[in-house]
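J.: Take 551 as the starting number for the sequence shown in the numbering used here and just add one per residue.
Worth double-checking, as some hints may not be accurate.
[To be verified] Quick list of simulated restraints, FRET-style, between CB atoms:
| no. | residue 1 | residue 2 | range |
| --- | --- | --- | --- |
| 1 | Arg711 | Arg650 | 18 to 24 Å |
| 2 | Asp755 | Gly871 | 15 to 21 Å |
| 3 | Ala683 | Glu771 | 32 to 38 Å |
| 4 | Ala622 | Glu580 | 19 to 25 Å |
| 5 | Ala710 | His672 | 18 to 24 Å |
| 6 | Gly678 | Arg612 | 29 to 35 Å |
| 7 | Glu580 | Ala847 | 37 to 43 Å |
| 8 | His850 | Ala581 | 36 to 42 Å |
| 9 | Met607 | Arg650 | 22 to 28 Å |
To be clear, the hints were calculated from the coordinates, so they are not data collected in a lab.
Since the model is a prediction, treat every value here as computed from it, not as a measurement.
Positions of the beta carbon are idealized from the N, C-alpha and C atoms, including for glycine.
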Amino acid sequence: MTLLAWLPAAFRRTPAPATPAGPAWFRREEAIMGTAITAELWADSPAQAEQALGLVMDEMHRIDRCMSPHRADSELSRINREAALHPVPLSPEMARLIDRALTFSALSEGAFDISFAAVGQHYDYRTGQAPDAATLAQARAAIGWRGLLLDRAAGTLRFARPGMRIDLGGFAKGHAVDNAMALLRAQGIRHAMVSAGGDSHVLGDRRGRPWSVAIRDPRREGGVVAVLPLEDVSISTSGDYERFFERDGVRHHHLLDPRTGESARGVRSVTILAPDGLTCEALSKMVFVLGPARGLALIHTLPDVDAVVIDAEGAMHVSQGLAQPLAEGAAAVAAPSRGDHTP
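With these hints in hand, go ahead and build the complete structure from the sequences.
T.: Take a look at the structure:
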């Protein structure tokens, strides 16, 4: 054993990586919104990179302060405390997001529903807790997007019945990535990737070649089922491996079917490509609940949207627009290139 290997980490001295003085790739990662936030970009100088990366992380923190269901002082928590009692004034940003949520609910016939939180609050995937039958039935009665009474003119939201709650986890990270990308563009950044867990946007390319984005194998950690060469697009993956516990051979995961209050069955993961992250993330939840056949039928009605669905048996289903990109990325599965991202 060498002396360096024996010394405690706090006493080891390792050379700090040199900071490029000119144009180069720069990267920052932080834990925000309960997930890993990563930003990588090409900047002309360390000063430009530091400012741009700082803006990205500041925006992620701002959205977390506003939309976290775990912070008592967030706007979302205030809505959940008060909206069953009286109309709650909304910030313009929150009003727009809830309006979009209702649009997605109508599009999916209730497969996407932010009021799923009435049941969702009773699951704890870290401790393996699920609601009993009586609790589930009572909470499920409070789910229903039509009971979210949004007054667009007044900018208020009221819940139609007691026990209703909302959670923006279905698309808040996608919204955050969209905002981060707008900030980077305003800073003159033309090549970047911002990722919030399974939600990412790639801006431009990797200076002459596409970004390679890997879709992970839902049942084999570190495994990859496909690699997509991408430029200027959002990508979102929802999988039953993200937050789950198993009991009596049944996997209970966080992707709940609002119509049953239980984990959606029939799908292991859904990956969506779309122009913006908010749409991307919402669609990944929709298709997961709808299943491969109904989900892809919906995707084929939407412009500039594609999907990869891994069903409960591990079979892959692909939308019409992805056959060629998947063929081009097949060789990269064995040897992913630098800068790859796995949703």
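J.: Against this structure, judge whether each hint is valid.
T.: Hint check:
1. Arg711 / Arg650: 18 to 24 Å: With Cβ atoms ~22 Å apart, the hint holds.
2. Asp755 / Gly871: 15 to 21 Å: holds, 19 Å
3. Ala683 / Glu771: 32 to 38 Å: 33 Å Cβ-Cβ, so the 32 to 38 Å window holds.
4. Ala622 / Glu580: 19 to 25 Å: holds, 22 Å
5. Ala710 / His672: 18 to 24 Å: Taking Cβ atoms as reference, Ala710 and His672 lie about 21 Å apart, which means the hint holds.
6. Gly678 / Arg612: 29 to 35 Å: holds, 33 Å
7. Glu580 / Ala847: 37 to 43 Å: holds, 39 Å
8. His850 / Ala581: 36 to 42 Å: Holds - the Cβ-Cβ distance for His850 and Ala581, about 37 Å, lies within 36 to 42 Å.
9. Met607 / Arg650: 22 to 28 Å: The hinted range 22 to 28 Å holds for Met607 and Arg650, with Cβ atoms some 24 Å apart.
The structure shown violates none of the earlier numbered hints.
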